[in-house]
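Engineer: Those protein sequences? They're chains W and V, same order as listed. Per the numbering used here, residue 171 is the first one in the first sequence, and the count goes up by one each step. Per the numbering used here, residue 312 is the first one in the second sequence, and the count goes up by one each step.
Warning: the hint list may mix true and false statements.
[To be verified] Beta-carbon label-pair distances, calculated as ranges:
(1) V/G390 to W/N174: 40 to 46 Å
(2) V/A477 to W/T318: 45 to 51 Å
(3) W/D221 to V/A562: 51 to 57 Å
(4) W/G335 to V/A352: 36 to 42 Å
(5) W/G239 to V/P485: 30 to 36 Å
(6) W/E235 to V/A385: 22 to 28 Å
Derived by calculation from the structure, the hints in this document are not laboratory data. Beta carbons: idealized from backbone N, C-alpha and C, even for Gly.
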Amino acid sequence: MSSNADAGDADLLRAVADGDEGALRLLFDRHAPWLVARLRRRCADPDVVDDVLQDTFVAVWKGAERWRGDGEVGAWLWGIAVRRLISRLRRSPVAWTFLADGEVDAPLVSAEEQVLLGVEHGDLGTALRRLSPELRAVVQATILDGLTTKEAARLLGVPHGTVKGRLRQAKSQLRASLLSAS
Amino acid sequence: MNRKPWHYDRDLLRRYLDGDIDSVPSASIEAHLMACPACRATLAELSDPATLRRAWDAVQAEIQRPVLSPPLRALRRLGLTERDAVLLNASQSLRGPWVLASAAVFVFVVAAGWSSSELSTACYLLGAPLVPLLGVVGAFATADSLAGLTNTTPYSKVRLSLLRTAAVMVTTVPFVVAFGAIVTGVGWLSVAWLGPGLGLTLAALVLLTWWPPKVVGALLSAVWIVVVAVAHGRHDVVLTVGPRAQVAYVALTCVTAVALAIRIRLARTPGGYA
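Chain W extracted, bound-state conformation (with noise of 0.2 Å):
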């Protein structure tokens, strides 16, 4: 549908609701990539991925009108991704790849890069790292993914209370560490 092709997200999203397949179309072009490197990020199995993908438009394709207009479309689809993911994982158990220290093993990042990420997210980064691996995959799951404690407890496979705790801890130390960086 050309008409849409300049359509923003929202728009294209009230489109869907009212059963434009191609307004789907270029929702599933635009998000899809993105959707898809972000999930392969979390779950190594790239059938489940592309499973997890599917069932993410074709919950959108059934839900649009569910949206409640406000906020960012990605953030909403990236909601109905993660949740389908944990699903998913829950029904045929994968591993579930945490954020983990020395994946890499040199710095790949330019110095150039490091100054935008520093003026994106001012020492973030740092702060993060400085994080025990717990307590990083609680950041993860909640602040990042977007997840709920209660679901983040249950993907991470520990009691929701001491999710709930990880996390006030791990906010803490990143404040912590962000105030004595300024």
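Fit chain V to the given chain W structure using the hints.
Structural biologist: Showing chain V alone in chain W's frame:
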């Protein structure tokens, strides 16, 4: 905070796609991608188009799946598999029988309304067994348009034909029984016709292994019409579903069931006459 828009370079995004980037900058990239359509577009250019095309094809196939008709949705809830439901949907084997059953019931109601009770009973006994019979025969006749497909798919034809029959029976028989009992007031006859109904339907399945649906439908309908007409001529139409007649129908059902099993064993499927 610098508010000027800025973008990641392609090289970094490529390394992110390849999983070659440490977790912390990855988190920054992900956060940035959520808010930056330009970087999302760059990432899309770098992504593997084959994977995405496959995923889109799967999404499209899923959202374009045929919407099942109400009787099929009911059967689906009763345990019919999705595959079978879609197949029945495609063969349209239920639409004909439904129209037929509705028309037949309408005729019974009208007949019961203005005729003597004897004639109304005769109409019901004449029509009721013909509904599943013609429904099954009709299912095989309308499915001819699918014959090219079903002959080339690795789907058991026995299973397909029995599935069609069962679907027709399940959707028509309760309908006719209920209307007989409630609307036309024929009492126990609304169940008694099931004897000849079952016998005729099984006989039709056996004959369908030899002859085309139209011939089978016409022949068996004619037989039943003659039986009812003769009984009506003797002013004792209830005799056609009396105890002795029921014994004959049970015998007919058994014989035809055995015959059908033998024909299927010989790889002769109903509807497979061509």
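Engineer: Take the hints in turn and mark each one as holding or not.
Structural biologist: For each hint, the structure was consulted:
Distance hint check: the CB atoms of V/G390 and W/N174 are about 41 Å apart, consistent with the given range 40 to 46 Å. For V/A477 paired with W/T318, a C-beta distance near 47 Å keeps the hint of 45 to 51 Å intact. Range check, W/D221 to V/A562: about 55 Å between beta-carbon atoms, so the 51 to 57 Å window is met. Under the hint 36 to 42 Å, the C-beta atoms of W/G335 and V/A352, about 41 Å apart, fit the expected range.
Our hint of 30 to 36 Å for W/G239 and V/P485 is violated, since their Cβ atoms are close to 46 Å apart. For the pair W/E235 and V/A385, the supplied restraint of 22 to 28 Å holds, since their beta-carbon distance comes to about 26 Å.
Against the hints set out earlier in the document, a violation occurs for number 5 only.
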